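*Asks:* Starting from the structure of chain A, add chain H where the hints point.
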Amino acid sequence: MSSSDVAVKSRGMRPTDISDPAYFHKVVDCQWACPAHTPVPEYIRLIAQKRFTEAYMLNWESNVFPGVLGRTCDRPCEPACRRGRLQEKPVAICRLKRVAADYRGDVSDLLPKAPKKKNGKRVALLGAGPASLVVARDLMPLGYTCVLFEKDPRGGGLMRTNIPPFRLPEKVLDEEVGYIVDMGVETRFGEEVTSLKALLDEEFDAVFVGTGAPRGKDLNIPGRDEADANIHIGIDWLTSIAFEHTKKVGKRVVVIGGGNTAMDCCRSALRLGGKDVRVTVRSPRADMKASDWEIEDAEHEGIPIFDNHQPKEFIVENGKLKGMKFALVEAEYSDDGKRTLVPTGEEVVFECDDVLMAIGQDNAFPWIERDIGIDFNEWEMPDVDKTTMMSTRPGVFFGGDAAWGPENIIWAVAHGHQAAISIGLFCHGKDLKAERPAPGASLVSQKMGIHEWAYDNDYSEDGRFVVPHQDQKITLKDLKAEVELGFDDELAYLEAERCLNCDIQTVFIRDLCIECDACVDICPVDCINFTGNGEEQDLRPRLRVPASNLSQDIYVSDVLKTGRIMAKDEDLCLHCGLCAERCPTGAWDMQQFTYVERQANPAGQPNCMAYIK
Amino acid sequence: MTYMKKPSVRHPDLPKNELGLTRRDYEGLVSTLCAGCGHDSISAAIIEACFELDLPAHRLAKLSGIGCSSKTPTYFLNRSHGFNSVHGRMPSIATGANLANRDLIYLGVSGDGDTASIGLGQFCHAVRRRINMVYIVENNGTYGLTKGQFSATNDKVSQSKKGEANLFEAFDLCTLAIQLGAGFVGRGFSGDKGQLVPLIKAALRYNGFAFLDIISPCVTFNDHEASTKSYGYVRAHNEAMDRLDFVPKLQEITAQYEEGETTSVPMHDGSMMRLHKLDKDYDPRDADNALAILRKRYERGQVVTGLLYVDDDEADLHELLNTTKEPMNAVPMSELCPGSGELEKINKDFR
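If you read the protein sequences in the order shown, they are chains A and H. When we follow numbering that gives the first Met the number 0, the leftmost residue of the first sequence carries the number 0, and every step to the right adds one. When we follow numbering that gives the first Met the number 0, the leftmost residue of the second sequence carries the number 0, and every step to the right adds one.
Okay, chain A solo, but in the shape it has when bound:
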């Protein structure tokens, strides 16, 4: 043992168990963050290779609506993107997904078909939003009979009613809803379920409630009732635009609210004749709930945002709305971070013709009887099992916004997959938890030669590319003109190259290591260490660069010949493979990690299943 190793400790962290799929899954930050666990790096590689159809199908397996989500997803993957931790912007994952959808070829032969012979099980799906549609997609190929109830005349749920066509063209939605409905789903559109009890009396083996959170919040302040004709609930107003009941709005419009619905409302108002459209928010701008990019898009269209404006009164003259009075407030934060909005005493009036209220939405289950075995909690929400999606009444499942309140499309998709698994197990008398299929994972070496890998390991130094937009002269005149044009294939390639391939894992084989330090020296981000072992809190600060990001794991090997261990901070690893290229003995290998969340219909996962034992 050499002089510097005198202080080697023998006790400390246990060697990392890389056979546990969760370990490397966490390293693939985007996939881990995606509720549906879409294999992001793999589809981005397919896009770089211009294999758009394959990229689309890989997406479709996991998230079912790549064309819709590639335009509208809340993209939890992007804040998680490792590139964002390198003092850079994350990869434009969402817009790359759209590229896969835009440039895909004919996929009809690749879609699963429902068998002619049914399995005799009937499932009722309430609400034709993303959650119910996913359940149908997963169950139809297995021979289930799915009956889809929807109060609106067409399927799609909030994807159709609440996302304006300048963000999501109807054709894109129709295609992806069509892929599912055309498998032979029995649709009862325009049919609102008013009593669950009555429905349960029909012969269904299982019922899935995916009715969303359909009730927009109202504001009970003076003038509300008198000015009712010109006050609109945001989500209802957007719905009436979607079904072409509303075609115009006043010249001066005030939008109340700071979420994504508010952004959709103000931009829609601008296209329906609004000239002076303003957004008002109670909170400081930094606390607005809307996604940054949606705020940007609204401001880019010239819509001002007034923050710290608390609505006080609808001003009514001669029975008609004249304006809106606001009290100005300031946010004060207590020591525990709690916010209070304190009035400054100042008040302002915005004159307006219409007010749109987008201040949140609630669940509402007036149609579910409280005596049929479905327990509701103090907030009038059903008790739903987080794993199985089943309520307290066996055979009744919840998903999407109906389960735990407003989320987003991708969460609804994830719920749908889990509910479909449960429904499958339930209909066959199996245990919903004990017999639930575990996720699959595999590791495959990418080594092709001394400096050759089966993936493109070179690091792109480019910054994030901006998606081209359509000319505002066109978009502001036409509600249906899509604002974003999407990446073309060349921009998509450059953006795809920014992906760090976080699914290509650095696998360390202890027995091969001769501790030459070559990997330590070459690593561009100093994440590899050979050091004495210790407990995690002792080890983290004494790495080459202290491992301060506690959400990222330390990959620890068993004890090496010198008594030290290998400790790698996963936080900023570029997955460039230089450690493996520099290793004289192959103790580092770059291996593609494929993680597959199981679905009710394993045969519907052909792309993923190819890799999994």
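The hints are simulated quantities; they were obtained by calculation from the structure and are not laboratory data. Here the structure is a predicted model, which is why all the values come from computation and not from measurement. Honestly, I wouldn't trust all of these hints.
[Stated by the list, open to error] Below, in silico cross-link-like pairs of lysine-lysine (DSBU-like), each with a Cα-Cα straight-line distance of 30 Å or less:
hint: 1; chain 1: A; residue 1: K25; chain 2: A; residue 2: K446
hint: 2; chain 1: A; residue 1: K446; chain 2: H; residue 2: K5
hint: 3; chain 1: H; residue 1: K324; chain 2: A; residue 2: K560
hint: 4; chain 1: A; residue 1: K49; chain 2: H; residue 2: K4
hint: 5; chain 1: H; residue 1: K15; chain 2: A; residue 2: K88
hint: 6; chain 1: H; residue 1: K295; chain 2: H; residue 2: K324
hint: 7; chain 1: A; residue 1: K446; chain 2: H; residue 2: K161
hint: 8; chain 1: A; residue 1: K311; chain 2: A; residue 2: K216
hint: 9; chain 1: A; residue 1: K560; chain 2: H; residue 2: K160
hint: 10; chain 1: A; residue 1: K446; chain 2: H; residue 2: K160
hint: 11; chain 1: A; residue 1: K25; chain 2: H; residue 2: K5
hint: 12; chain 1: H; residue 1: K146; chain 2: A; residue 2: K560
hint: 13; chain 1: A; residue 1: K247; chain 2: A; residue 2: K319
hint: 14; chain 1: H; residue 1: K160; chain 2: A; residue 2: K25
hint: 15; chain 1: A; residue 1: K446; chain 2: H; residue 2: K344
[As the list claims (entries may be wrong)] Simulated coverage check for chain H against chain A, where a stretch passes if three residues somewhere in it have a Cβ under 8 Å from a Cβ of chain A:
hint: 16; region: 10–17
hint: 17; region: 35–46
hint: 18; region: 226–236
Backbone N, C-alpha and C define an ideal beta-carbon position, used for all residues, glycine too.
*Replies:* Same frame as chain A, now just chain H:
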């Protein structure tokens, strides 16, 4: 060895030195040596040492000869001066450069072939002349560039990769350097940066001829079972004489040792070397003792490492020659060539 450029992106929390630089600012091009070559670890140790010393890269000149080792200056300090010279002739270049400009730090990088074979004479004279430089030998006991013949530092007991016996005894370059009068002699191992980085830092701060023999396994030709220059052998037989702490100027001494003996050696620039003895028989200021230890331990098959000998009061070449502080290139033209009038005056004296 890789075909890919090392990404320029770096860890945002990478420590910075007094100059506001990170260790990555001291890097060079990506190495084209074999993967796992000890030489690359030595380059990394040089980078680390210069970073920790807050060394401005333009104050250093890298000099080398020919061989795998002599390629390495390309792989570190790419903002420093450099001269890749003729095989075995690095000491001549270093001597000339040092005489022309005594203010730069000279870092010579050589190998066992470049130093102990073709350049042995040059090496000996550079030591004898006390050039103020750091002379590093990246010693792997083999001629790697010509497919693995024994070099003059390969131990007699150490066989080739294919099992051929070595007929000749090895030079011990540390012994040679001490005998020839080097004021700072150390031996390190590329696989132990904890020991190596302080050695390089102290050598860079030493005023006089600082010699470092660094065992650096050749992963391609000399890292096998029967080799005495393999990672495995050196790890198993490494006998560190001391642990060295280099304490920069104006920094408090914080290292505490529980047992053994600690010697403080002041350096010219006010910094301090703190030597902690790990071996009771060892005395770092006694050349005879060092030579005896080197010989005895070698016979036992041990690889003696650490700072083996130091003379903290050795005069360098400039002191011996009593040269002027100001290099010629800094003397203004009016003084260098005072004109024909002055020449006339001088000539008059001889009439």
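*Asks:* Each hint should be assessed against the structure and marked as holding or not.
*Replies:* To see whether the hints hold, each was checked on the structure:
{"no.": "1", "hint": "A:K25 x A:K446", "in the structure": "23 Å, holds"}
{"no.": "2", "hint": "A:K446 x H:K5", "in the structure": "19 Å, holds"}
{"no.": "3", "hint": "H:K324 x A:K560", "in the structure": "52 Å, violated"}
{"no.": "4", "hint": "A:K49 x H:K4", "in the structure": "25 Å, holds"}
{"no.": "5", "hint": "H:K15 x A:K88", "in the structure": "24 Å, holds"}
{"no.": "6", "hint": "H:K295 x H:K324", "in the structure": "43 Å, violated"}
{"no.": "7", "hint": "A:K446 x H:K161", "in the structure": "28 Å, holds"}
{"no.": "8", "hint": "A:K311 x A:K216", "in the structure": "16 Å, holds"}
{"no.": "9", "hint": "A:K560 x H:K160", "in the structure": "22 Å, holds"}
{"no.": "10", "hint": "A:K446 x H:K160", "in the structure": "27 Å, holds"}
{"no.": "11", "hint": "A:K25 x H:K5", "in the structure": "26 Å, holds"}
{"no.": "12", "hint": "H:K146 x A:K560", "in the structure": "29 Å, holds"}
{"no.": "13", "hint": "A:K247 x A:K319", "in the structure": "18 Å, holds"}
{"no.": "14", "hint": "H:K160 x A:K25", "in the structure": "44 Å, violated"}
{"no.": "15", "hint": "A:K446 x H:K344", "in the structure": "79 Å, violated"}
{"no.": "16", "hint": "10–17", "in the structure": "holds (count 5)"}
{"no.": "17", "hint": "35–46", "in the structure": "holds (count 7)"}
{"no.": "18", "hint": "226–236", "in the structure": "holds (count 3)"}
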